[in-house]
Amino acid sequence: MRYSALFGKTIKDAPKDEVSKNSKLLTRSGFIRREVSGVYNFLPLGLKVLKKIADIVREEMNAIGGQELSLTALQNKESWQKTGRWKTFRALMKAKTQLETEYPLGPTHEEVIVPLVKQFVSSYKDLPLYLYQIQTKFRDEKRAKSGLLRGREFLMKDLYSFHAQEKDFNKFYEIMKKTYKKVFERLGLDALETLAGGGTFSQFSHEYQVITDAGEDEIIYCPKGDFSANAEVSPVKEGEACRLGHGPLKKSKAIEVGNIFPLGTKFSDAFGLTYKNKEGKDIPVIMGCYGIGISRVMGAIAEVHNDAKGIIWPKEVAPHDVYLIGITNNESRIKERTDEAYDSLKKAGLDVLYDDREDAAPGAKFADADLIGIPIRLVVSKRNEGKIEFKERKSAKSELLGLEEIIKKFKA
RNA sequence: CGGGGUGUAGUUCAUCGGUAGAACGCUCGGUUUGGGACCGAGAAGCAACAGGUCCAAUUCCUGUCACCCCGACCA
1417 MRYSALFGKT
1427 IKDAPKDEVS
1437 KNSKLLTRSG
1447 FIRREVSGVY
1457 NFLPLGLKVL
1467 KKIADIVREE
1477 MNAIGGQELS
1487 LTALQNKESW
1497 QKTGRWKTFR
1507 ALMKAKTQLE
1517 TEYPLGPTHE
1527 EVIVPLVKQF
1537 VSSYKDLPLY
1547 LYQIQTKFRD
1557 EKRAKSGLLR
1567 GREFLMKDLY
1577 SFHAQEKDFN
1587 KFYEIMKKTY
1597 KKVFERLGLD
1607 ALETLAGGGT
1617 FSQFSHEYQV
1627 ITDAGEDEII
1637 YCPKGDFSAN
1647 AEVSPVKEGE
1657 ACRLGHGPLK
1667 KSKAIEVGNI
1677 FPLGTKFSDA
1687 FGLTYKNKEG
1697 KDIPVIMGCY
1707 GIGISRVMGA
1717 IAEVHNDAKG
1727 IIWPKEVAPH
1737 DVYLIGITNN
1747 ESRIKERTDE
1757 AYDSLKKAGL
1767 DVLYDDREDA
1777 APGAKFADAD
1787 LIGIPIRLVV
1797 SKRNEGKIEF
1807 KERKSAKSEL
1817 LGLEEIIKKF
1827 KA
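Numbers 1417 to 1828, taken from our numbering, label the letters of the first sequence in order.
What the hints contain is simulated information worked out from the structure, not anything from laboratory work. Predicted, not measured: the structure shown is a model, and the values here were computed from it.
Derived DSS-like pairs (lysine-lysine); straight-line CA-CA distance at most 27 Å:
(1) K1669 to K1432
(2) K1667 to K1594
(3) K1467 to K1725
(4) K1810 to K1597
(5) K1493 to K1510
(6) K1697 to K1541
(7) K1762 to K1807
(8) K1493 to K1682
(9) K1810 to K1669
(10) K1827 to K1751
(11) K1682 to K1694
Given only the sequences and the hints, what does the whole structure look like? Please build it.
Below, the structure is given as structure tokens:
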């Protein structure tokens, strides 16, 4: 991609209404732009990141037998009345047609998936079943805030599991814990598996919390990593020893980037979702749900991985592999050499953002490279004597390498 | 939803009862090229919206809307 053709330029000053670190950085660097409060457009660079996050999640869901589908955002009011949530789910947005018919705008999808699954599941042979989607959700937050961290429209992965036996559910719940750990590692997030309340569904649930002052939750956790609980439900307090005798426990603000939740038979009961066991008896299906806020993850990464100059994207979610700069000058062949490097890198399968602006001062290019935060920066310049400067965004050091060596480095 | 604050050019901000100005960005010309470079010339605004006061309102008053912050809320 040539920078000169890229839609979405960087800006020096963030709009004054973008106050949170993540939205400031993502707006300045041309990844997102706010539409209304709590609702963001994703520009090409931002969408690339969003897709990479989604793809990692998708891969891991597929790996444990998840089947992807896509459920509607515009939902069925009757189903929500059946579960009682038409009245009790405060953040439910309701859309009205010209004829005054009301539709819930999906904040979550139990009311859609359970009736759907009921049409296909009737025997123990149909279970277990793991269905997920990555889809836009709507929640009528009384106050949207913190950029991508709490919006009214956001992208979320939700998986629903259906089981014949409690035992089977428990086994899968543990698999999900491992899977979530792996997902967040790949996303470059240090997410603590945190014990949380179960709301109206169950006694407990688990949240995946990333420590940051921008977060809204408070967690009590052991710095050695063997305990973490949401402060709302934690029986132990800051400063005490954890269950393995480590200590002292710490208290921090954190942002919830995922959660997993036993649903029991609450929704199966509401919709009469049962299966026939071997004796021909109807048994309610046991369910679990498992969410990851895709757009919130993007915000959390920007919130946590940055420095004074801009974002520092983890490799797996970066919008491009390389930011290529040529420091041109009319007399030398720098422009040609940079063009050649661009072509070679592309041929080698790398996704390159080539800053091909001819009249921009070198400083402007460096500043944009740092702000956008692509993990590797390459500089072609007459100063580098036929080699290319290779620099990691996260490091202050750089080295001069040949093109072949650089390509080899990426393959490794 | 309670409290506080803000709406002026794409962005950040000035102005102030006499109908709008800078910087950045943008366009054109020229000079530049290792940390947001320089010179010159331009384009760009229904001053959120509606009403009121006044000879005259971006400016004062009222209302509405939007946005931000704190709190409450967040299956």
